[in-house]
Each structure stands twice: as C-alpha cells, then as structure tokens.
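Number of protein chains: 2
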Amino acid sequence: MTERLLVIGGDAAGMTAASQARRLRDRADLEIVAVERGHFTSYSACGIPYYVGGDVADAGDLVARTPEEHRAKGIDVRPATEAVEIDTGRGRVRLRDLATGAETWEGYDRLVVATGSVPTRPDLPGADAEGVHGVQILDDGLAIRRVLERDRPARAVVVGGGYIGLEMAEALVKQGLNVSLVDGAEQPMRTLDPEMGALVADALRGIGVELHLGERVEGFETTGGRVTAVTTAERTLPADIVVLGLGVRPNVGLARAAGIEIGTVGGIVTDRRMRTGTDGVWAAGDCVQTRHLVSGEPVAIALGTHANKQGRVAGIDIGGGYATFPGVVGTAVSKVCHVEVARTGLNEREAAAAGFATVTATIESTTRAGYHPGATKIRARLVAERRSGRLLGGQIVGEEGAAKRIDGLAIALWNGMTVEQMTGLDLAYAPPFAPVWDPVLVAARKAAELVEKDLRS
Amino acid sequence: MTERLLVIGGDAAGMTAASQARRLRDRADLEIVAVERGHFTSYSACGIPYYVGGDVADAGDLVARTPEEHRAKGIDVRPATEAVEIDTGRGRVRLRDLATGAETWEGYDRLVVATGSVPTRPDLPGADAEGVHGVQILDDGLAIRRVLERDRPARAVVVGGGYIGLEMAEALVKQGLNVSLVDGAEQPMRTLDPEMGALVADALRGIGVELHLGERVEGFETTGGRVTAVTTAERTLPADIVVLGLGVRPNVGLARAAGIEIGTVGGIVTDRRMRTGTDGVWAAGDCVQTRHLVSGEPVAIALGTHANKQGRVAGIDIGGGYATFPGVVGTAVSKVCHVEVARTGLNEREAAAAGFATVTATIESTTRAGYHPGATKIRARLVAERRSGRLLGGQIVGEEGAAKRIDGLAIALWNGMTVEQMTGLDLAYAPPFAPVWDPVLVAARKAAELVEKDLRS
Chain X
1 MTERLLVIGG
11 DAAGMTAASQ
21 ARRLRDRADL
31 EIVAVERGHF
41 TSYSACGIPY
51 YVGGDVADAG
61 DLVARTPEEH
71 RAKGIDVRPA
81 TEAVEIDTGR
91 GRVRLRDLAT
101 GAETWEGYDR
111 LVVATGSVPT
121 RPDLPGADAE
131 GVHGVQILDD
141 GLAIRRVLER
151 DRPARAVVVG
161 GGYIGLEMAE
171 ALVKQGLNVS
181 LVDGAEQPMR
191 TLDPEMGALV
201 ADALRGIGVE
211 LHLGERVEGF
221 ETTGGRVTAV
231 TTAERTLPAD
241 IVVLGLGVRP
251 NVGLARAAGI
261 EIGTVGGIVT
271 DRRMRTGTDG
281 VWAAGDCVQT
291 RHLVSGEPVA
301 IALGTHANKQ
311 GRVAGIDIGG
321 GYATFPGVVG
331 TAVSKVCHVE
341 VARTGLNERE
351 AAAAGFATVT
361 ATIESTTRAG
371 YHPGATKIRA
381 RLVAERRSGR
391 LLGGQIVGEE
401 GAAKRIDGLA
411 IALWNGMTVE
421 QMTGLDLAYA
431 PPFAPVWDPV
441 LVAARKAAEL
451 VEKDLRS
Chain H
1 MTERLLVIGG
11 DAAGMTAASQ
21 ARRLRDRADL
31 EIVAVERGHF
41 TSYSACGIPY
51 YVGGDVADAG
61 DLVARTPEEH
71 RAKGIDVRPA
81 TEAVEIDTGR
91 GRVRLRDLAT
101 GAETWEGYDR
111 LVVATGSVPT
121 RPDLPGADAE
131 GVHGVQILDD
141 GLAIRRVLER
151 DRPARAVVVG
161 GGYIGLEMAE
171 ALVKQGLNVS
181 LVDGAEQPMR
191 TLDPEMGALV
201 ADALRGIGVE
211 LHLGERVEGF
221 ETTGGRVTAV
231 TTAERTLPAD
241 IVVLGLGVRP
251 NVGLARAAGI
261 EIGTVGGIVT
271 DRRMRTGTDG
281 VWAAGDCVQT
291 RHLVSGEPVA
301 IALGTHANKQ
311 GRVAGIDIGG
321 GYATFPGVVG
331 TAVSKVCHVE
341 VARTGLNERE
351 AAAAGFATVT
361 ATIESTTRAG
371 YHPGATKIRA
381 RLVAERRSGR
391 LLGGQIVGEE
401 GAAKRIDGLA
411 IALWNGMTVE
421 QMTGLDLAYA
431 PPFAPVWDPV
441 LVAARKAAEL
451 VEKDLRS
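These protein sequence lines map, in sequence, to chains X and H.
The first sequence maps to residues 1 to 457 in my numbering.
The second sequence maps to residues 1 to 457 in my numbering.
Pulled out of the complex, with its shape left as it was, chain X reads as follows (with noise of 0.2 Å):
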C-alpha cells in the first residue's frame, strides 16, 4: 500500500527530508507532498545580503531546486499553500490555498514540520510601517532590493549587530547608501568575546558604518505610514529604510497547538532521528530545537547547515535507512568586508554560563608564512576548560583565508579534544597556506601553557 509524505515547509529541511525519503522509497510505495507558504523552494536565505548588496544578480540563483525540478523527481510540491492547523489523532492536515482562501485536509502516513523560525519583531511605535524590512525568507530579500532600485533611499539603519545585521549593512554600503547600525550591546557580534568583537566593530567603522552601541531601539518615527526615523534613548536616526535583524525564533505555533512537544528553548523536541514524540510526526531544521555537545544544554540555532543536515536525516529515518543528528557545537562565519569572523563552541560568557572555569589564550599570527606575499594578519581565541585543559570554544577574526580555520577547532570540539593535544595535530603546512606552526597549533601551544600555568597556581 503507498503510504503519504506530507512535507510542512518548501526550504532546507523540508525539501531535503523529501529529497532523501524520495531517493530511498520509490513512488508506488511513498507518494510525497510538500506545501510552503511562499513562492520559492530550496533557496539560501543565508544569500539574501549578497543578492541585496548585488553580488548575485539574480534571486533565481539562490534557489537550488525549484518547485517544478521537484515534482520532476516525484514530489508534489504546492507553493502558496499554508498549514493553518495540523490534527495528530487523525493523521491530516488543513490546508489554505493562499491564493484563493480554499481550505482542504490532506491526510498523511507521515509528517515532517519543516516550519522553520519567525524573525523577532520590536514590539515598539512604528514596527511594522513601511519601509521596515525583515530579512527571513527570499521574498523580504525581492522587497527589499526592489525598494532599494525604486525608491532609491539615501540612509538606512540597520538594527541588530548579529550575522544578519552585518551582513545587511555591508549590502547596503555597497549600493550606495549611507548606513547607521543600532545594538543594545556594546559590541557587535555577542556571540565573542569583546576584544574580538571589537575588532568585527572596526571593521564595520572601517567601511563606513556608523555604529550606536549600547543604545536601544525606543520606536521607528513614520510619515503617512512609512518609516523617516529611528529613535534610540540618545538619538534619533533619519532612515528612508530599516532593515531588522535582531535574530530569529523557532515557528512552532501549529506544531504546539497539535500538542507536539515544545522545549524550554522555544523549539520542537526530537530525538537523534529527528521524530518527535508524536507518533509519525518529524520535526526538521529552524523550528526545532536541539544539542550543544559542549554546554550540553538544548539550543536554538536557526542555520542552513543544520537544517539540511536534520532534513536529510528525517528523510533517512522515514525512507528506512539510518542516520542521526546529534547536535552542534555552534559554528557560525561571516564576513565584513574584507575581515573574516568565525566562532564555534562556548565563548567564556557562555562557557561561564554553563559552569565551566576557563583559561582563555588570545594569538596574534599570520595566514600564510610571514614572508609570503599574500599573508594576512590572523587573530584567535581559545577558550579552554581548567585543569582539563579540554577545548571549549575558539574565535578567529581575520582576513582572506582565516575564517574557515574555525572548522579545524570544530572538529577538535567535536571529539572533545584537549588544548595540550591540538599542540600535536598534524595540520597542513607549506608557505602560501600557513606559517610553520599553523595559528591553530600557536594559539593551542598558548592555551596548553595557560593550563599548565593554572595547574601550578
């Protein structure tokens, strides 16, 4: 008998769970249907800033399979259709059409929630005029370079200094306009310690944003109904665009009124599999929530990578193979201009947070061997459990080839490596890739002598 699929959510997770539950259970035995609210299957919403500030010329080039290359490989995708409610007892669920308000069930044998994570909104005095902007799904990226050839605003102020934000502000400095950037905290980036983010913060002065820190939001002033201003406790910001990035949360209205579990982040729980505890129900990429193999506390982490990887494994599951997420050690990179920024694992904030002593080792090296041309400055941070010395967290900041050393610190978190046993790592060294000692192995030399040091005191 052809049991049903029924995918919530056209994206990463959604899409993958359909891809891989298709490349492992033919059509007669597993029909699939996927619905998504927007217009748009696949896509990286993580290129939206790099469509805005036009380094890719075309939207279409962020998706990676559209609807129609879907359905040529067996699953009906449906866009501009919204689940409004999902009934678990009776394995169905509503549908709108949003195009004509039509509502049908759809049943299915099995479900996977793909629902993926609602940007935070201020709830302030002008929030949702015209001319503030999200930035979440590739629809808010259209508007917003639509707006931009349009409209052709002068100042934009971007509120949030997290990834989203950055990135955001370097697009709209490279169309030209003249861009401020609001964050309660006093560093850009909390997601480092502060003599990194700081460096992030130069960067950002260095290309021409004008950065408020430690002020927050207090309300956006309108103008029959469209944003001219953004108001902070000190200031006020004229804006002919607002552009809001202060993070996201997990989308789990309609999984939570059909009674799936919601844990104490925010999140869908599931176990390694990725099923929840509701029997046949999946739960996939930003909605749910999900590991730090290092703090071991749950996390939200709303990501690209982490939600195809969950997508690929509910498919694995739901296709009858086996494959298992087991959390994420919280890397993330971007870029600001030409300085690269890249963390994983616990900062000291958080590895404080989590109840773990530190011993935290900053290194100054170069990328490449210091005497050839090319080289670059490169900054690191590790920060390492006391009296173990066990890694818990590293950051880099620096430029061109620096950032995607962090997947080495990665790999080393993941398999619970200490700072004495990195100094051994057999990384790759010739001239044009690094210095002798790699600034990987400098700053675990750095941090292993810090824990001895620590030892003795």
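Because the hints were derived from the structure by calculation, they are not lab data.
Hints are not guaranteed to be accurate.
Identical copies go unnamed one by one, so any copy, or any two together, can satisfy a pair.
The calculated DSS-like cross-link candidates involving lysine-lysine, where the alpha carbons are at most 25 Å apart (straight line), are [said to hold, decoys possible]:
| # | residue 1 | residue 2 |
| --- | --- | --- |
| 1 | LYS73 | LYS453 |
| 2 | LYS174 | LYS73 |
| 3 | LYS453 | LYS174 |
| 4 | LYS446 | LYS73 |
| 5 | LYS446 | LYS377 |
| 6 | LYS453 | LYS377 |
| 7 | LYS446 | LYS174 |
Bear in mind that the values here come from a model prediction, so they are computed numbers and not experimental data.
Please arrange chain H on chain X, whose structure you already have, making use of the hints.
Just chain H, lined up with the frame of chain X:
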C-alpha cells in the same frame, strides 16, 4: 651545577629544542651550545622555491632567527661548524670549524641530534656536474638564484615530481625558463591517487611545464664539467640548469656511528618525548622516524612543521616539562600556480599496503556557495575502511580556498572518526565560505553511502 646542552643542527628542530629548553631553564642552570654546518639558523627550507621564483625578494626573509638573535637569548650558536663524531660514552662531540679545519671536543650533559636529511642524488653519470642542483639547505636556494641572475639559463629540467619538484618547476617558469619535468612514475605527486594526480599534471601543463612521465633519468650529458642535457630512455632533454627533487632520507650517519638506534625506515628511533634509546640523547626533525597514526607503521617524513613540533617536545622534556609527539597522519599541501593540492592519511595504494580494504568516494563541489562570486571548483576524495567506515585518508585538489580544508580531514583522522560520524560535523557555513553542505560533508555523505552499500552487498 650548570648542565650543558649541545644541539647538532641549527635549523627548525634543533633551534626549537634549544629555545624551549632556554625558556624553561635559565643560563645558570643550563648552558646551551648549538652547532650548524651552514651559515643560517632557523630558516624556512620550504620557502626556498618562493625565493627562487621571486615571490620572496630576500633570502633573509626566510630566516626566522639569526645566530645573533639566538645568542641574545642565551644560546651559543656556532655556524660553519660541523659535528663529526659523537662519543656517547664520554658525553662529548668532536666539532670541526669549517673555516679553519680545526677540531675540538665539546662535552655535553644532554645532546639533541637534529642533523636533518640528505637529498637523494641519483647514482648516474654526470649527476655531480656543475649546474645540477639539489634543493636542501638555504645555501642551495641562494646558489640557484645566483645562477638564474648571472647566467640567465633558458632551459631547465626538473627531475622528480614530488612537492619540491613541482614547486621548483613553477618557480623556474616564473623566472621565465622553459621547464621540463621528468618522473619515473606515471603521475606527479605519487602521494595522491592517480585521478587526483592527473589534475596536478593538468595544472603543470597549464603553466607550460613539459611533462615526461613514466620516464627514468638515465644520465646527464656534460661539457667541460657543466651539465648540458638530461637523458632518459626515450629522449635527450637539453638543459642549462637541472634541479633535483628526488626526495630526501634521514641524515643519520653521525648517529649510527655513535651507536644510536636507527629504525627500519632509516630514521633515528625515539619515544614520544623524542628521547633516543641512548642516555642523555634526544633527536628531532628530518633525521628521525616517527609513527603513522593511521597505518601504525614507522615513517620518515621530512617536513618543517614536524621538525618544529618534535624540537619543541625535546626542548620541553629537557627543560623539565612534559609534552609528547604522538606521530603524524601524513598531511601535506602544495600549490601549482592557481591549483591547490592537499592530502592526509593514506591513499588507496598505501591503505592496501597497510592491509586495509577500502571504499573510496570522490566528489566535486565548490569552495563557496555556487552563486557567490569567487566560488571555484574543488574535488575531494575520501578513502574509508570497509565495514567500519573509519576515515583512512583524504585528498583535495582545487583552487583558492580549497586545500586548507584538508586540516578538517586530518583532525577527523586523528580522532578516528568514521565517515558517517563526519556527516554530522558542525562546519562553518556562510555563502562566501562554503556551500550549505561543505565539500568535506558532501564527501563524507557519499563515502558513508558507499560504506553502507558495500555492507549490504
């Protein structure tokens, strides 16, 4: 009572050992004498091709620390001084002043043997002719560049297609020479599997190097003691200059004569603290053999990064601290013009020789998100053990930003990860740095699928 540490060899291993010992023990406690045959200390031999090619203007840039700088740190460095005999019974070394020929005995309480390697010179007619250059010590690099500037040679033949051979071929192309490369093997870089080696051959041809693969050099034609051509069974290649890149072997004559144990692959045998079996004698760098952590076999790999690490471990041990050098996983990296090449662990041939049955996955991907400007092709190949799926090795060929990904594979190898475990790794993702599935993850996925398929077959 003041002890005396004597170090034989003033490059990476020896001077790192001396520096670490000095860091941990002051002058009143430990006198340090280091002897070096050449004129330079602590230089980057790996940088020689970049000096010859002109990327590095001044040979002095390759020197990390001069004899004077070492002396200022309390290390009595004696250049142009050769150790000609070790008398372990009486704890003394016979030294020869290369300027005067005068010999003296120098006593030691602790001895570090860091005598490096000797280049393989073919036992063929004309191999010692003028114009046939090895690339071993910095003086060799100076000699080659002097010849290039003085004699303006037009035609070069490079013998040997390993790392040094390739890097020297490119350096000579950069200097405007017509370059041929001869290697007895069917591909350059035998440490790669043939299909990856073929990409390197293409890159060499792309910069104009004429390749003669599968051809053994049979001799060197000379006129008046100067080389004029290289002959193989198939042809005669006219040459104004010949560069040998035939690899090196540990330089252990001195140690062997002193009764210090030499191992099965020709290097000095040490424990993980770099202690030889002879009381009071440590060894480090190209002259030692070490353990390959994947094959479990002894190996002798001449590489500056190992020499530095081993020197550090020896110096810390002599200094009263504790550090170990557990072995290597065979990581190496190089580039030919814009093509980056890297490898770690075992290739298929090496894995088979070590008794492993393997599954191999090759994938093509891009260094950045496909739509991001600057994305370039990358090809990755993973060798995994059948059944267990344990990673045994990896190879990467690609362009800007490709090769350093080998570090992630090296760390995964180091920790004994399976390719299935690797599919979950939390690697850094953002469009300027990687596709949403990093090439390393794509390769791990494919390898994991092949391992599973093989299990079922």
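Outcome of the hint check:
Only between protomers do LYS73 and LYS453 lie at most 25 Å apart by alpha-carbon distance; the minimum there is 22 Å, versus 60 Å within a single protomer. Proximity of LYS174 and LYS73 under a CA criterion of 25 Å is satisfied in neither setting, with 39 Å inside one chain copy and 50 Å between copies. For the homomeric pair LYS453 and LYS174, neither the shortest alpha-carbon distance inside one copy (47 Å) nor that between copies (48 Å) is at most 25 Å. Taking the shortest alpha-carbon separations for LYS446 and LYS73, only the inter-copy value of 20 Å comes in at or below 25 Å, while the best intra-copy value is 53 Å.
Taking the closest pair of Cα atoms, LYS446 and LYS377 come within 25 Å of each other only inside a single copy of the chain (17 Å); across copies the shortest separation is 36 Å, beyond that limit. Taking CA atoms no more than 25 Å apart as the test, LYS453 paired with LYS377 passes in neither setting, with 27 Å inside one copy and 45 Å between copies. Taking identical chains as interchangeable, the C-alpha atoms of LYS446 and LYS174 are never at most 25 Å apart, the minima being 39 Å within one chain and 38 Å between chains.
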